[in-house]
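Q: Keeping the supplied structure of chain A fixed, place chain B upon it in accordance with the hints.
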Amino acid sequence: MTDTSQAHSPSAPAEPTPPTPTRRAASSAFNGASVVRFLEAYALVLITIAVAIFFSVAHPASVAFPTINNFNVVLGNNAVVLLIALAALFPLVSGFFDFSLGSTAVLSSVLCAGLQAKSGLPLIVAIIIPLLVSAVIGLLNGLFVTAFKMSPFVTTLGMATLLSGITIWYCNGRTFVLDGSSALISFGSSRWFNLPAVFFVVLLVAVVVWYFFRHTPYGRSLYAIGSNATSARLVGVPVDRNVWTAFVVSALIAGFAGILQLGRQGSATAVDGGSLLFPALAAVFLGATAIVPGFFNVVGTVVSAIFVSIAVSGLTLMGASGWATNVFNGAALLVAVGLSTYLGRRKLRGKG
Amino acid sequence: MVSTTAQQSAAGGDSSAAGRPGPPEDVALRVAGLNKSFGSVQVLKDASLTVRSGTVHALLGGNGSGKSTTIKILAGVYQADSGDLDVRGESYDLDGYTPATAEKAGLRFVHQDLGLFDDLSIEENFALDAGYPRNAAGGIDWKRLRRRVAELISAYEIQGGPRTPVNRLRPADRTLVAIARALQDDESGNCVVVLDEPTASLGKKESEELLGHVRRRADAGQTFVIVSHRMQEVLSVAQDFTIFRDGVVVGELVDAEPTEDEIVAIMAGRAVAALRPTGSISHATAEPVLEFRDVAGGALAGVDLTVHRGEIVGVAGLAGSGRSTLLSMAFGAVRPTSGEMRLSGAPFAPRTIEAAMKAGVALVPEDRAHEAAFPDLTTDQNLSMSVLRQLWHGGLIRRRESRANAERLIRKFGVKVAGPEAPFSSMSGGNQQKIVIARWLQRDPKVILLDEPTQGVDVMSRADIYGVVRDAAAETGACVLIASSDLTELHALCDRIVVLGGGRVSQEVAAGEVSVDDLTALVLKAPQSQKYTEQYTEGSPA
Numbered sequence: 001m002t003d004t005s006q007a008h009s010p011s012a013p014a015e016p017t018p019p020t021p022t023r024r025a026a027s028s029a030f031n032g033a034s035v036v037r038f039l040e041a042y043a044l045v046l047i048t049i050a051v052a053i054f055f056s057v058a059h060p061a062s063v064a065f066p067t068i069n070n071f072n073v074v075l076g077n078n079a080v081v082l083l084i085a086l087a088a089l090f091p092l093v094s095g096f097f098d099f100s101l102g103s104t105a106v107l108s109s110v111l112c113a114g115l116q117a118k119s120g121l122p123l124i125v126a127i128i129i130p131l132l133v134s135a136v137i138g139l140l141n142g143l144f145v146t147a148f149k150m151s152p153f154v155t156t157l158g159m160a161t162l163l164s165g166i167t168i169w170y171c172n173g174r175t176f177v178l179d180g181s182s183a184l185i186s187f188g189s190s191r192w193f194n195l196p197a198v199f200f201v202v203l204l205v206a207v208v209v210w211y212f213f214r215h216t217p218y219g220r221s222l223y224a225i226g227s228n229a230t231s232a233r234l235v236g237v238p239v240d241r242n243v244w245t246a247f248v249v250s251a252l253i254a255g256f257a258g259i260l261q262l263g264r265q266g267s268a269t270a271v272d273g274g275s276l277l278f279p280a281l282a283a284v285f286l287g288a289t290a291i292v293p294g295f296f297n298v299v300g301t302v303v304s305a306i307f308v309s310i311a312v313s314g315l316t317l318m319g320a321s322g323w324a325t326n327v328f329n330g331a332a333l334l335v336a337v338g339l340s341t342y343l344g345r346r347k348l349r350g351k352g
Numbered sequence: 001m002v003s004t005t006a007q008q009s010a011a012g013g014d015s016s017a018a019g020r021p022g023p024p025e026d027v028a029l030r031v032a033g034l035n036k037s038f039g040s041v042q043v044l045k046d047a048s049l050t051v052r053s054g055t056v057h058a059l060l061g062g063n064g065s066g067k068s069t070t071i072k073i074l075a076g077v078y079q080a081d082s083g084d085l086d087v088r089g090e091s092y093d094l095d096g097y098t099p100a101t102a103e104k105a106g107l108r109f110v111h112q113d114l115g116l117f118d119d120l121s122i123e124e125n126f127a128l129d130a131g132y133p134r135n136a137a138g139g140i141d142w143k144r145l146r147r148r149v150a151e152l153i154s155a156y157e158i159q160g161g162p163r164t165p166v167n168r169l170r171p172a173d174r175t176l177v178a179i180a181r182a183l184q185d186d187e188s189g190n191c192v193v194v195l196d197e198p199t200a201s202l203g204k205k206e207s208e209e210l211l212g213h214v215r216r217r218a219d220a221g222q223t224f225v226i227v228s229h230r231m232q233e234v235l236s237v238a239q240d241f242t243i244f245r246d247g248v249v250v251g252e253l254v255d256a257e258p259t260e261d262e263i264v265a266i267m268a269g270r271a272v273a274a275l276r277p278t279g280s281i282s283h284a285t286a287e288p289v290l291e292f293r294d295v296a297g298g299a300l301a302g303v304d305l306t307v308h309r310g311e312i313v314g315v316a317g318l319a320g321s322g323r324s325t326l327l328s329m330a331f332g333a334v335r336p337t338s339g340e341m342r343l344s345g346a347p348f349a350p351r352t353i354e355a356a357m358k359a360g361v362a363l364v365p366e367d368r369a370h371e372a373a374f375p376d377l378t379t380d381q382n383l384s385m386s387v388l389r390q391l392w393h394g395g396l397i398r399r400r401e402s403r404a405n406a407e408r409l410i411r412k413f414g415v416k417v418a419g420p421e422a423p424f425s426s427m428s429g430g431n432q433q434k435i436v437i438a439r440w441l442q443r444d445p446k447v448i449l450l451d452e453p454t455q456g457v458d459v460m461s462r463a464d465i466y467g468v469v470r471d472a473a474a475e476t477g478a479c480v481l482i483a484s485s486d487l488t489e490l491h492a493l494c495d496r497i498v499v500l501g502g503g504r505v506s507q508e509v510a511a512g513e514v515s516v517d518d519l520t521a522l523v524l525k526a527p528q529s530q531k532y533t534e535q536y537t538e539g540s541p542a
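Note that the protein sequences, when read in sequence, are chains A and B.
Sequential numbering from 1 applies to the first sequence in my numbering.
Sequential numbering from 1 applies to the second sequence in my numbering.
Same shape as in the complex, but just chain A (with noise of 0.2 Å):
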């Protein structure tokens, strides 16, 4: 251990600072606890090495698993998911919850859709009329948590159900089905290099996030906001309109992820908004115990949803049937809550 005791020699003259164990581990860069440090930030990273191993050589996983037919449908069925994910990270960074992306999503979907198939409108008018109703659910969110003060938990819950129904209503019983020739189908079901488009354009979406959380003051606020509101604040962060605009961009990606998700899917109804948050939830807590242990950040989110995905397809393929998503989505987000918590708290305590 290296010489704390110089803290407290008489030439130090002011206030001795009580020896927590962060002197010690801070002030060392090559002994076990900067081992342990590596291992937290990348021990997800290593757990998806490992399971994408495991499954690749157990029986009878190891048959279809390893193949870049299955690594297709992962990437593409999951990369929605991803992006609701990464539109999630914008609240929860700013300490907010945003329970409506699900429902954005899938209501963008069905407009999208319906506007086609119901309406007869051009694919350019179906995207962009759906990506400004997703705006304008960001604008009332905001509008709400910031203006009125109301509690994001109750507010965003309530928008949920309220667009859940709308959809319902919009659709009527009805699946919009797609004209199998469209635009959007056919780069739904495109590939890149062997890997589905729509992966690379959630990727891409990835890059610019991480690039607006780690590289932008904005970015940087939404953090400081997320730690000490009224800080902020009188550091000159103006907070309300901060917050607000994490909304909009919010539910802009959700309406994004959900035309995409028609795109894949060729069709939409009135589906459970939950199906597709609470995976991606599941993500970005996962996600806040890797790369940048205890904060929600963009990297730990992209590894924790191919961890979680690659998990789910290897377990589907061992003959586990629909319950796998479920249970290893629940399971995953209780040990990522529990763990996260655990290094919060360890580093309010000064243990980080």
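Chain A residues, not near chain B, derived (Cβ > 10 Å throughout):
#1 L131
#2 F187
#3 L204
#4 V248
Taking lysine to any residue pairs in the SDA-like style, the calculated list, with each CA pair at most 20 Å apart, reads:
#5 B:K143 <-> B:A155
#6 A:K149 <-> B:A333
#7 B:K525 <-> B:V505
#8 B:K358 <-> A:R241
#9 B:K104 <-> B:G89
#10 B:K416 <-> B:R368
#11 B:K358 <-> A:P217
#12 B:K358 <-> B:R389
#13 B:K358 <-> A:Y218
#14 B:K104 <-> B:V27
#15 B:K72 <-> B:P99
It should be emphasised that the hints constitute simulated quantities derived from the structure, not laboratory data.
Idealized CB from N, CA, C, for every residue including glycine.
A: Just chain B now, kept in the frame of chain A:
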């Protein structure tokens, strides 16, 4: 010169008139040979503590000196490595000592945050702690509860009824509720109450009121142990002192009336000069920087004040006199309802905090934990928050630059922290405050507004902070406006002090013209703002 001696003897007169210490053998609490290590570092070395029954006993020492560790061991939060504990002649094994043992031994703790349920009534606060009395049917016997609580309320002279919600009480009364609650089952009066920073969130007047109550309870035979950074208050209320430094007890004063300087010298192991007026010529110039002209709003009814380049001006006044409001106005956080502010000669009416910051104004807020800290973020991130835009060029936030900057500031301000990556919350209060001040001073502000800059900061860090503020005024020519309830602080630091009363500047004195006692008298004599009560409730922590 400061007449701390005079003040002390006045305060000492208080306690000696009250002093009815039991016979010397009447010891309520005795700790001996206390040792405690965290990892390889010993934080308590053979520490001892003897508390006489019916006295107020002060534990003093800088942050990390071991006094908090001692209290946490007594509370059963930490396990001692070795040591003996006697309470009222009965010895307790420190091995396997838990909070329950502490409770049984008759030790009661009132922490700084009080641990009250703010939204609930006084009676519910009592009942949640000791259990609800039941009636014959098994329901809650509200009548009995109310009667018992009403008795306690009158015994403690709390201004409120059993059904008054705690958040409607004045801060001093809230602390009394916490003390009364801790002692509600102590009929014999044998319990020892440990008060941890009881006055940290109180203004001067409320503190005096609270300590007056403590004094009276002690005279009636109750035993108190008090921990506080506010030296004067401790001196005014305590009879016995145990002083810690670096985990060792370096001073035990029994029935003593030491001066503040004597205590500080023992705490620091040296004389701390920065805590007194420098006596040197101030760096104030005749060039006005920040001007208030008939500014009104909140408790303020028309303030005229000019702060010059290089000048340090103190704002004194009772709680609710509008001290903080004045600062918030110059920071764009509150808009004046009438009047005019000027900055460097030009009209200045910041609509937002951002605008005020751009104009060169900086504010260190009063409540560090709630208004300045990003507890879970790193020290680096806490520092860089005020200069994010400057760190953002070429479309990227320059992390290396930010880190180097943080390392430079940590060195410059003498902050004790593991490194730029250590979380803000890992630091002690004094070091956190230094980081918050560094956050603003790195912007080279023209106007530095400090609201209670050393609240909850130990005496050594306080000296460092005074030095930093003086340097800023001298070197960059910033004008400094300090609002503080600690008149010793204003007296030590300022070139000029204005007293707010009745919403206006009621008095203005130059440094060295008055003693702290005179200053106290000026503040107390200042007319009260008509909006006193209203402001008071607004300003008090929810």
